[in-house]
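Colleague: Chains as they are written, first to last, in the working numbering: chain W, 1 to 250; chain C, 1001 to 1261.
No lab work stands behind these hints, which were simulated from the structure alone.
Every residue, glycine too, gets a C-beta built ideally from N, C-alpha and C.
Heads up, a few of these hints could be off.
Okay, derived cross-link-like pairs now, PhoX-like style, lysine-lysine, Cα gap no bigger than 25 Å in a straight line [as the list claims (entries may be wrong)]:
| # | chain 1 | residue 1 | chain 2 | residue 2 |
| --- | --- | --- | --- | --- |
| 1 | C | K1249 | C | K1013 |
| 2 | C | K1195 | C | K1134 |
| 3 | C | K1163 | W | K61 |
| 4 | W | K71 | C | K1165 |
| 5 | W | K61 | C | K1134 |
| 6 | W | K104 | C | K1163 |
| 7 | C | K1134 | W | K130 |
| 8 | W | K130 | C | K1256 |
Label-pair restraints from in silico Cβ distances [what the hints assert, rightly or not]:
| # | chain 1 | residue 1 | chain 2 | residue 2 | range |
| --- | --- | --- | --- | --- | --- |
| 9 | W | I22 | C | K1174 | 21 to 31 Å |
| 10 | C | P1117 | W | T17 | 36 to 46 Å |
| 11 | C | G1171 | W | Q241 | 38 to 48 Å |
Listed below, chain by chain, are the residues.
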Amino acid sequence: MKNNILQIKNLSKSYYTKNGEIKAIENISLEINEGDFIAVVGSSGCGKSTLLSIIAALEEKSAGEIIFNKKDFVIGYMLQDDALFDWLTIKDNALLGLEIKHLKNSKNIEYVDQLLKTYDLDNFKLKYPKELSGGMKQRVSLIRTLAIQPDILLLDEPFSALDYQTRLAVSEDVYKIIKKENKTVIMVTHDLAEAISLADKVVVLSKRPSKIKTIYNMKFPNNLTPILKRQTKEFNMYYEQIWKDLDVVV
Amino acid sequence: MSNEAKAFLKKEKRFNLLVHITQIFMIVLILALWEILSRYGIISKFIFSSPSLILETIKSLFLEGTLFNHIFTTLFETIIAFVLGILLGLIIAVILYSFKFIARVFEPFLTLINSLPKVALGPILIIWIGANTKSIIAMALLINLIVSIISIYTGFLNTDYNKIKLLKSFGADKIQILKKLIIPSSYQTIISSLKLNISMTLIGVIMGEFLVSKAGLGYLIMYGTQVFNLNLVMSGIFLLLIFSYILYKIINLIEKRLIKN
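Chain W extracted, bound-state conformation (with noise of 0.2 Å):
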């Protein structure tokens, strides 16, 4: 039995503006079990990264509730792109985190050079982030969320700034990572085949307001990894179903 870390329960957020009253999300429920790889899929514009902002208490929530199994629970966050810090070295990137929230000790530091060892920039501490190809930036984006070991990762459209070639290899290359690494997803992507690649359940958010449409959980022929998925026949017709609750008119 998986263990439930974060309930999400009929969450709300309406934003105002000087033209009134927007509602971004409404009456969202949602648990998430220890491991989880879970997508939020919507048309653009849903409010499915919202949603992940205010479960990182970035945003406030209009009503209902968040929560979390522990007191002390983690949040990591990766956005869109990249976001290093030009200034700074891939090991200084990396322990940002770290830094901003006074944990900088020798043990997390250890570890931040463990994570870089093991995911082969090893050789690039000490450069700076221009030195680094899109895909290896994405890589120490993600060591940086790794370094304050956290209990979940909010993934904002981590792959939408590269373009589709790389795109496939780093989200490859993430997959890996966060399953060795067991760590517990909540991605947000307008890119249906990102999604049903890498989760193990697609949320279908409707449009604003977004409300849950449909939750699909994937089966699929035993670990395969993110490229080899996109291949079978069961990719297709998730894509199919999940195109068609979308309901995108053009």
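Chain W is already provided as a structure; the job is to place chain C on it using the hints.
Modeller: Only chain C this time, still in chain W's reference frame:
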């Protein structure tokens, strides 16, 4: 290296050389023309002076022992006003950035003061502060400070929002965001505002010296005009030209070094 590449470099080199030669030729031509015209009385020596008379005037200033006094007076005023302008500009920009309310309150006033020709405040400064060096520094500060504040503050505002969001997701407070992100990421803007600042400071210092001074390059020019000694006026302008060029070059060097690291 391929032959095409070599030919290209050669062409570039020749072009640059041509530019330099033309520049030197132009200067020599103008100086020679000026010298000849005034020596043969085609233009009045008294009103237009001449290169040789300027050099003579500078030489006599040197022999009197006042030359370096004038240069150092202006240098001193410039450095004080420059450093104060940058420091205060940085501090005020940080305050404006940190407190949205203060920024909103003061924004229209900053624009208002920025559009006012600060020279108009000169007479008031003299009455309030007195006819001394302090007035000159205040004048220069008035001119350079507003520009520094606005350029540094705009640099702060242009910080990548994603990076702010990232730090917030780590639970960073306002001071951490400023220290770790806003200031370091505006480094380039701050450095390039130094360049703007030095030319503004010079305008202010010379303006101030015109209004009230007992020494300095601005004083030389002003005094020369009053006693109708155009040799002195031209010498003052010539010295100022070299003075500001050297300062500008120094700032340029500092900029290059700082940005490289």
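Colleague: Could you run down the list of hints and mark each one as holding or not?
Modeller: Verification of the hints:
1. C/K1249 with C/K1013: Judged against 25 Å, a Cα distance of about 23 Å means the pair holds.
2. C/K1195 with C/K1134: holds (23 Å)
3. C/K1163 with W/K61: holds (22 Å)
4. W/K71 with C/K1165: It holds: about 23 Å lies between the C-alpha atoms, which stays within 25 Å.
5. W/K61 with C/K1134: violated (55 Å)
6. W/K104 with C/K1163: holds (20 Å)
7. C/K1134 with W/K130: violated (47 Å)
8. W/K130 with C/K1256: holds (19 Å)
9. W/I22 with C/K1174: 21 to 31 Å: Given range 21 to 31 Å: holds, Cβ gap about 28 Å.
10. C/P1117 with W/T17: 36 to 46 Å: Since C/P1117 and W/T17 have Cβ atoms about 41 Å apart, the given range 36 to 46 Å holds.
11. C/G1171 with W/Q241: 38 to 48 Å: holds (39 Å)
In summary, the structure is inconsistent with hints 5, 7 from the numbered list given earlier, while agreeing with the others.
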